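Student: So the chains spell out like this:
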Amino acid sequence: MNNDTNRGSIRPEQFQKIDRSNYVFERIERKRLTAWQDIRYRLVSNKLAMTGFYIMCVVLLFAIFAPMISPHDHFTNDLPNANQAPSWQHLFGTDDLGRDMFERTWKGAQISLFVGFAAALIDLIIGIIYGGIMGYYGGKVDEAMNRFAEIIYAIPHLLVTILLLVVMEPSLTTIIVAMSITGWINMAWIVRGQIMQLKNQEYALASKALGAGAMRIIFRHLIPNAMGPILVTLTLTVPSAIFTEAFLSFLGLGVQSPVASWGTMINDGVKSMTLYPWRLMFPALFLSLMMFAFNVFGDGLRDAFDPKLKK
Amino acid sequence: MIRYILKKFVIMLVSLFFLVTTTFVLMNAIPGSPLQSEKATSEAVQKNLEAYYGLDKPMIEQYGIYLKNLVQGDLGISMKKKFQAVDKIIKESFPYSLKLGIASVITSIVVGCLLGILAAMHHRKFIDNFAMVIAVIGLSIPSLVMAPLLQYSLAVKIRAFEVAGLNGPLDYVLPTIALSAASIAFIARLIRSTMIEVLNSDFIKTAKAKGLAGHWIVWRHALRNSMLPVVTFLGYLTAGVITGSVVIEKIFAIPGLGKFFVQSVSDRDYPLIMGITIFYAVLLMVCRFLADIAYVLVDPRMRAGGKGK
Numbered sequence: 011m012n013n014d015t016n017r018g019s020i021r022p023e024q025f026q027k028i029d030r031s032n033y034v035f036e037r038i039e040r041k042r043l044t045a046w047q048d049i050r051y052r053l054v055s056n057k058l059a060m061t062g063f064y065i066m067c068v069v070l071l072f073a074i075f076a077p078m079i080s081p082h083d084h085f086t087n088d089l090p091n092a093n094q095a096p097s098w099q100h101l102f103g104t105d106d107l108g109r110d111m112f113e114r115t116w117k118g119a120q121i122s123l124f125v126g127f128a129a130a131l132i133d134l135i136i137g138i139i140y141g142g143i144m145g146y147y148g149g150k151v152d153e154a155m156n157r158f159a160e161i162i163y164a165i166p167h168l169l170v171t172i173l174l175l176v177v178m179e180p181s182l183t184t185i186i187v188a189m190s191i192t193g194w195i196n197m198a199w200i201v202r203g204q205i206m207q208l209k210n211q212e213y214a215l216a217s218k219a220l221g222a223g224a225m226r227i228i229f230r231h232l233i234p235n236a237m238g239p240i241l242v243t244l245t246l247t248v249p250s251a252i253f254t255e256a257f258l259s260f261l262g263l264g265v266q267s268p269v270a271s272w273g274t275m276i277n278d279g280v281k282s283m284t285l286y287p288w289r290l291m292f293p294a295l296f297l298s299l300m301m302f303a304f305n306v307f308g309d310g311l312r313d314a315f316d317p318k319l320k321k
Numbered sequence: 003m004i005r006y007i008l009k010k011f012v013i014m015l016v017s018l019f020f021l022v023t024t025t026f027v028l029m030n031a032i033p034g035s036p037l038q039s040e041k042a043t044s045e046a047v048q049k050n051l052e053a054y055y056g057l058d059k060p061m062i063e064q065y066g067i068y069l070k071n072l073v074q075g076d077l078g079i080s081m082k083k084k085f086q087a088v089d090k091i092i093k094e095s096f097p098y099s100l101k102l103g104i105a106s107v108i109t110s111i112v113v114g115c116l117l118g119i120l121a122a123m124h125h126r127k128f129i130d131n132f133a134m135v136i137a138v139i140g141l142s143i144p145s146l147v148m149a150p151l152l153q154y155s156l157a158v159k160i161r162a163f164e165v166a167g168l169n170g171p172l173d174y175v176l177p178t179i180a181l182s183a184a185s186i187a188f189i190a191r192l193i194r195s196t197m198i199e200v201l202n203s204d205f206i207k208t209a210k211a212k213g214l215a216g217h218w219i220v221w222r223h224a225l226r227n228s229m230l231p232v233v234t235f236l237g238y239l240t241a242g243v244i245t246g247s248v249v250i251e252k253i254f255a256i257p258g259l260g261k262f263f264v265q266s267v268s269d270r271d272y273p274l275i276m277g278i279t280i281f282y283a284v285l286l287m288v289c290r291f292l293a294d295i296a297y298v299l300v301d302p303r304m305r306a307g308g309k310g311k
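From first to last, the protein sequence lines stand for chains H and X.
The numbering of the first sequence is this note's numbering, which starts it at 11 and goes up by one.
The numbering of the second sequence is this note's numbering, which starts it at 3 and goes up by one.
Hint data in this document are derived by calculation from the structure and do not stem from the laboratory.
Don't take each hint at face value.
[Stated by the list, open to error] If the Cβ cut is set under 10 Å, some of the chain X residues that face chain H in the computed set are:
#1 147
#2 253
#3 287
All values reported here derive from a predicted model rather than from experimental measurement.
Heads up, the beta-carbon is just placed ideally off N, CA and C, and yes, glycines get one too.
With the sequences and hints as input, model every part of the structure.
Tutor: Given below as structure tokens:
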């Protein structure tokens, strides 16, 4: 005190006490969000991902409703009107049998999307069960199941799919089955990693202590908490399944005429692209657009789930 | 480390055996004999043909012979291609695929790395966004769209390149671009994300503090550490190139293995399908195995510990 007064220029009376009764310490400026709200917020504010989302929605709507409204159908041949350029009558032109390309493109979209979603769903179911058991039990069970998965995984999956399709009757079901035989492994490993991380957390232990069975703990407690990476993997499985289906159709192993997926139509279109480019253009455009949409949306989803990327 | 490599090797062998057996079972599960044709053949001719292909023996014995031949590199005889040996077909057509494959693997790595590095160095700036949009587009356009698109625009419309074939060095340009587009995009994204992480790490800050030039930091310090995931990706890159080549060779009419594979599938030429499948599988598995080894060699943590996956 004495020292202060000795300075002369500043005296104790000149100090003023600040009124801090209305002052909030450690105020949280950011809006408080739950984990899912935060993820949704970050996803919605990602413009590229939302573009992908809207493209997906539009294509999906067209795939469902366009075939209903369109005056044409995908299988009636109309040979006098074969290979017509796009016009008001046929928005996307016609193919070599005079079938309306607009109708066929959206029918193809239905098939490609169905294959994509179905394959992803099967992968999800098998992957969650296999990966869940592998991760939860650990030890010898994990070791054995993991070896099996590794062995299957080491076989190039497209080759197995092709082999199976050569042997089986080609149909939508066989394509999906053939794709799922090797497709689930990735998902299983993702789930396994998640479960291994989560299974020793307090809530899982608490549930165990209360006498819950393994299945209940895995499916009621662990899987819901591992939903983030699972969802991301799922979103990125769909485009790869669509691509595989297109690839198989391109080899002539896909769905059979008169039904056509995008891959079949591209295959047909390539043969005549110098004369009738629209026969290639439309299915190719929508296949790429859909792949783009899913990839971008999947990326956005992954970023939204990644807390490290929070701004 | 040796244990790790050994483990991978054993898994590879088991998988191979698994695939070979599955292939054999599947091909024998097909109803009807592959020798049946629309033309009626007499009983004696049928018997002789079956004896020629060894189809009259019991299944187990056939399997034994098949395995034995396989180990010796004998993949059987094509049923549709004027009875040529499958291994001869592979031997003749594979060099085309190999040349194209090597060209596109090199292109993917070089262009992909450059794009990724550029993006990482200009993180969250225009170049970064631009490179990543290009990468996403590259990833989204499947090879079976990319190839006809390039062919149509650059060969048919502008006539800058030959439409098909693989005769001069210029003919490699279009198929290589179409084949490597997806891998370029993948590698670019991979390099970018690891590099951003590496560039923020302490040893880079030290290098900066010492006053090293920017490009030198990237080249000497950051790139080496960012290459790890690319090495793991190499095994899968070959897989992508091989499956891609099936499409590309068909579209550009290149007489490579992929074209024969497509043909064999549409002809239902079972020995040829089987032979090429096994050949592809061995190729892919060996590539992945080498990539695994390369990973161990490159990553010092793996060398020291020798544990983990």
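Student: Does the CB of residue 253 of chain X sit less than 10 Å away from some CB of chain H?
Tutor: At 6 Å from the nearest chain H Cβ, residue 253 of chain X passes the 10 Å test, so the hint holds.
Student: Under 10 Å, Cβ to Cβ, is where residue 147 of chain X needs to be relative to chain H, so tell me if that hint holds or is violated.
Tutor: holds, 4 Å
Student: Under 10 Å, Cβ to Cβ, is where residue 287 of chain X needs to be relative to chain H, so tell me if that hint holds or is violated.
Tutor: holds, 6 Å
Of the numbered hints listed earlier, not one is contradicted by the structure.
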